[in-house]
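Visitor: Okay, here's what each chain looks like letter by letter:
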Amino acid sequence: ETGVTQTPRHLVMGMTNKKSLKCEQHLGHNAMYWYKQSAKKPLELMFVYNFKEQTENNSVPSRFSPECPNSSHLFLHLHTLQPEDSALYLCASSQSQGSGANVLTFGAGSRLTVL
Amino acid sequence: KNQVEQSPQSLIILEGKNCTLQCNYTVSPFSNLRWYKQDTGRGPVSLTIMTFSENTKSNGRYTATLDADTKQSSLHITASQLSDSASYICVVSEKAEDKLVFGAGTILRVKS
Chain A
1 ETGVTQTPRH
11 LVMGMTNKKS
21 LKCEQHLGHN
31 AMYWYKQSAK
41 KPLELMFVYN
51 FKEQTENNSV
61 PSRFSPECPN
71 SSHLFLHLHT
81 LQPEDSALYL
91 CASSQSQGSG
101 ANVLTFGAGS
111 RLTVL
Chain B
1 KNQVEQSPQS
11 LIILEGKNCT
21 LQCNYTVSPF
31 SNLRWYKQDT
41 GRGPVSLTIM
51 TFSENTKSNG
61 RYTATLDADT
71 KQSSLHITAS
81 QLSDSASYIC
91 VVSEKAEDKL
101 VFGAGTILRV
111 KS
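Residue numbers (our numbering), protein chains in the order written: chain A, 1 to 115; chain B, 1 to 112.
Misleading hints may appear alongside valid ones.
Listed next, the in silico SDA-like pairs over lysine to any residue satisfying Cα-Cα at most 25 Å (straight line) [said to hold, decoys possible]:
id: 1; chain 1: A; residue 1: 40; chain 2: B; residue 2: 12
id: 2; chain 1: A; residue 1: 41; chain 2: B; residue 2: 39
id: 3; chain 1: A; residue 1: 41; chain 2: B; residue 2: 16
Hint data in this document are derived by calculation from the structure and do not stem from the laboratory.
The whole structure should be built from the sequences, with the hints applied where relevant.
Guide: This is how it looks when you write it as structure tokens:
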């Protein structure tokens, strides 16, 4: 285990469902990230939170809604998704925001399938 | 446009053999370059991080090289093992906006 835990590991949902992905880290990190990973494509940054404040939204559709109640927990709320949203969603954390010096610690990911 | 290109897209080698994965980038200004290993069903794990002044860095059987002039990096795996089967992702940090630019990865399969 890396210290970043994601649940559920697998999720199948219909286009009209509402579900949430959860990420938890106990590394004492202050920055948390959501990435989308599709087959044969580079990781796509979705959201960044630094000290619980959202600092980056990478033009993500509103059907994805992040929530960061504290520095240890991050959620991704899903609603009215499309089949093309099927992917591996990775959560990561780092000491603080600032990719230059900080190494990201990733969770194992949540594999999402939208029917 | 800042980009990271990795080659080959996939690779199959026999256990015990060596292999080299390539990473070319156009990211500027450059801050650092990292190689990550992603096992199936897992998230990426950092193997090495290289700054502008570093040419070579080793981590066990993994050796990364960096040529900042030609903007190329390679990851050499020596005496491959079955457990080396994974996706290897090259990530370059862009200094001005402090962004990470990811490559699409090379999928390595080591056969017995």
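Visitor: Run every hint past the structure and note whether it holds.
Guide: Going through the hints against the structure:
{"no.": "1", "hint": "A:40 with B:12", "verdict": "16 Å, holds"}
{"no.": "2", "hint": "A:41 with B:39", "verdict": "16 Å, holds"}
{"no.": "3", "hint": "A:41 with B:16", "verdict": "29 Å, violated"}
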